[in-house]
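Chains as they are written, first to last, in the working numbering: chain A, 1 to 836; chain B, 1 to 145.
These are computed hints drawn from the structure, not numbers from a lab. Predicted, not measured: the structure shown is a model, and the values here were computed from it. Glycine included, each C-beta is placed from N, C-alpha and C at the ideal position. No false leads were slipped in.
List time: in silico DSBU-like cross-link candidates among lysine-lysine, alpha-carbon distance up to 35 Å:
#, chain 1, residue 1, chain 2, residue 2
1, A, 537, A, 612
2, A, 642, B, 66
3, B, 75, A, 642
4, A, 833, A, 705
5, B, 66, A, 551
6, B, 87, A, 551
7, B, 77, A, 632
8, B, 78, A, 551
9, B, 87, A, 517
10, A, 555, B, 66
11, A, 551, B, 75
12, A, 813, A, 729
So the derived label-pair ranges between C-beta atoms look like this:
#, chain 1, residue 1, chain 2, residue 2, range
13, A, 581, B, 11, 56 to 64 Å
14, A, 347, B, 34, 28 to 36 Å
15, B, 75, A, 389, 55 to 63 Å
16, A, 636, B, 75, 30 to 38 Å
17, A, 357, B, 21, 57 to 65 Å
18, B, 27, A, 394, 38 to 46 Å
19, B, 34, A, 554, 21 to 29 Å
20, B, 76, A, 765, 49 to 57 Å
Here chain B is said to cover these stretches of chain A; the calculated rule only asks that three of the stretch's residues, wherever they fall, bring their Cβ under 8 Å from a Cβ of chain B:
#, region
21, 303-314
22, 648-658
23, 663-675
Letter by letter, the chains look like this.
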Amino acid sequence: MAEFDVSNYLGVFLDEVDEQLQILDAEILHLEKDPNNVKTIENIFRAAHTLKGSSASMGFEKMKECTHHLENIFDQIRQKKIQVTPSLVNVIFDCIDLIRRMKESIIDGTLDDMDIQPFIEQLEALHTNQAIHNSKLEQVQLAEESKLDEYQKDVLRNGLTLGHNAFEIKIQLFKDSLMKSVRALLIQNAISEMGEIIASFPSVEVMENEDAFQGNMCFVVLTMRTKEELLDCISQLSEIEKSSITEISKTAIFNEPTSPKEQKEAEDAKSNQKEKANKQKKKISSTVRVDVERLEYLMNLVGELVIDQTRLVDVRGRFSQMGMNTEDEFEILDDVTNHLTRVISELQEGMMKTRMLPIEQLFNRFPRMVRDTARQAGKEIDFVMEGKETELDRTLIEEISDPIIHLLRNAIDHGIESPEEREKLGKPANGRVVLRAFHEENHIVISITDDGRGIDPEKIKKASIEKGIITEEEARKMNDEDAMFFIFKSGLSTAEKVTDISGRGVGMDIVKTHIEKLNGVIDIQSTIGKGTTFTIKLPLTLAIIRSLLVKFGNKTFAIPLVNVLEIIRLNKSDIQIVNGQEVGLVRGRVLPLVRMKERLGLTTELDEKEKKREFVVVVGIAEKRVGIIADKMVGNQEIVIKSLGSYIGSPPFISGATIMGDGSIALILDVSSVVREHGTVLQEQNEDGSLKTEVNNEKQFVTFKLDAEEYGIEIEKVKDIILPPSITKVVEAPDELLGLMDLRGKMLPVIDLRKRFNLPDVPKGKKSRVIVVEAEEDIGILVDEVTQVLKIAETSMETPQEADYSKLSSLIKGISKTEERIVLILDFEELLKSLK
Amino acid sequence: MKGFDQVDGNQFVVFSLNEQLYAFFIEEVVEILRVPSITSIPGINPNIEGVINLRGNIIPVVNLHKRFQLPTPDKNKKNRIVIVQGKTENIGLLVDKINMVTKFDEEHVEPVSNNQTLEEDIVIYFAKHKDQVIGVLNLDNHHVS
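This is chain A alone, in the form it adopts within the complex (with noise of 0.2 Å):
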């Protein structure tokens, strides 16, 4: 009994005080907006008196005290004794702060030296009752409070499910009486003469302790008898000023100890409450909390089973290709095999759900965040938070909070204007700041949404000018997406002045740094008068990532895939040299390229072949944008990341190592350090401006063959392009109408260019496609072979000429002549009315 250790239980109680001061943040926003909501109240004045109790039983004197103080207010407030103000919240929420702020003390050990007399006597000036003064005093007059840890509450729920009856006995002796120490002992041995004690207050140590003990104690019992039995007992006993019993139901065990003066004060009311806090307990599911430590250990071995798993699944690959299906052992390997992956992904998802908090707890910091910030500038904000729910990982909950707080104060401080520029500007008064959170596949998305000024390129790059970060001439050149990223670099701030809350040009720059250590990525997207959105995407879990393999010579090389935007193919003519770099053409934009096997030196045995086209894997961290040559695309796989540990330390461009299914290792790509050397070009691009326009002269085609001929369709207009599904027939239908297939639950009509051009009639071939054309109504046409996608200069194009051919030609807008190759462009709309 005595020997309860605070220490063991520290973790449980902070966590608790996290837990009941978010409680309390976001109920007094409530409060303060509806003032006389009776459950907000019932709910701010439980979350005081359980961190009032809780940090009593942990010995935290200081703490107490001010959660007391604390309390008495919210009980002059639920009582009606005072009113709810905007000074009074505020006072309550210095002295939530107060109390974080001893929260983090004792985690230091510093809790003693902390001065909390200044708060206690802001608090003690709110009171207007004096009654209430005296109330508190007799209560510390009164006996010692029971409170008891977690074991002997076991102890009592076993007992009170045993049919034993519960009681808590309080006991005070005659001031006077000499020898309180022998009394309490008296009075102990006849109490367990009639039960067990399960604890008693204070302990035995102290009642023999004839010097502190103050003849005040109290008794939790487990007994079978009433408390008649009990009170005729102790009546028998002399010396005893007065006594009382409670009986312990099992409901009061899960929740706090209350003080005695309540105890009295209000029986009726109490019991009332405590079934309504009964009714809340029942709802929340009974939960365990766990060591992460151990979590960690568990997800390391479900790490290995991954691995394992995987590996079986290729040596059963590998059985089958030596054309061992046939045989029955095989079937049951089968059979094991994708039992075991389905059990292993089960658990993998499990373990991962068991690292998962909803983001909810991290939310929650915001609101009181929002409304401080917002005060501080002089601006109304409606403050909403959709998705609180979405879980992520604990250790990404912590990583992520300071860069969602640098974004909700810059877009209060900067985003949203003051409410009179908003009434000029026709805007409700009240600025809109939207935190979402959702799932999207294996990634965590964060936006941030302002409906503000929005964020202006051109101040950017003023700014940037001003700084030296970039020349007058590259400003020009840059596009407005692009200088959009500038605010990420350090010291850039457009704002006019720095407040107190922003403005000093430091945050973004946190805000890029710990997204990019989660290798995360970031976006902005701002429209000038309308507002600002940045996008924040993360893996959801750090410990198993889904990636992608890539060869680099004959090297597996894995990609994070949160960090792979696209993989596109590149032709050599668009892959140029600038500043001696080497730079892609992607629609438009310049994309910086880095040929990763030449950057690790790798060298291949096999002789380099000249390829027409490269795959570029196009990856970002936070806002900038790579792309990677690699020489062959492997596949996605999860895999498990493993350091390479301290004996090799961290090569460059290498993060980690994995195993592969088969038991070899790839090595991990770290992107970060990749985008961080060559990802900078970005404010080089469009060095040359003839890049540009040449692009945009130019169009892409999709080429397809009919007979000997080669046609080409815009790409804009091609939807999709599908191996022929089965096409069922219209009766009465045109002849080349071949009738409607189904495409993703949608009927299009399929046309059969052959007859329409009124080409033989051959039977479907294997290189046979379907290209689905976009149109007011969609359209499916039937060609021969889908050959490429061309890229063709406008003004490599003719307009045919009429008696070449003949009653087509109306059908064929252009001729492109490359390389011996002529391709004839439709006039798709023509073709569309022809047949109608």
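Once you've looked at the hints, dock chain B against the given chain A.
For chain B alone, kept in the frame of chain A given last:
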């Protein structure tokens, strides 16, 4: 570093590099493997051959030939990797072949004299065994410089 008195009664794993014999204290050796496929890592110390997958753990492998500036001979069936306990992690050492596990008599072992400069920090004792001299390696220091 092992004290001199520990030599007596202790077993040693004796291996060869270019016909020269060396030995480890047996308690420093975790296990001995046939050479699996080694994944090289670009951009690291050239003495490190690469990493291997040892039952799900990634273990770096040091090429002792390169470390001792000896010519690297062709691969051989008898090549082995000796896994030893490093300071923070296990490390694999590539050797030509494992010769034996043996005990040395105390009178046949002598510490390396101080005026021997070259491999002073690597070899701590010389032991005579059947007319051959075996260098006992000091694992604490022999890590790649």
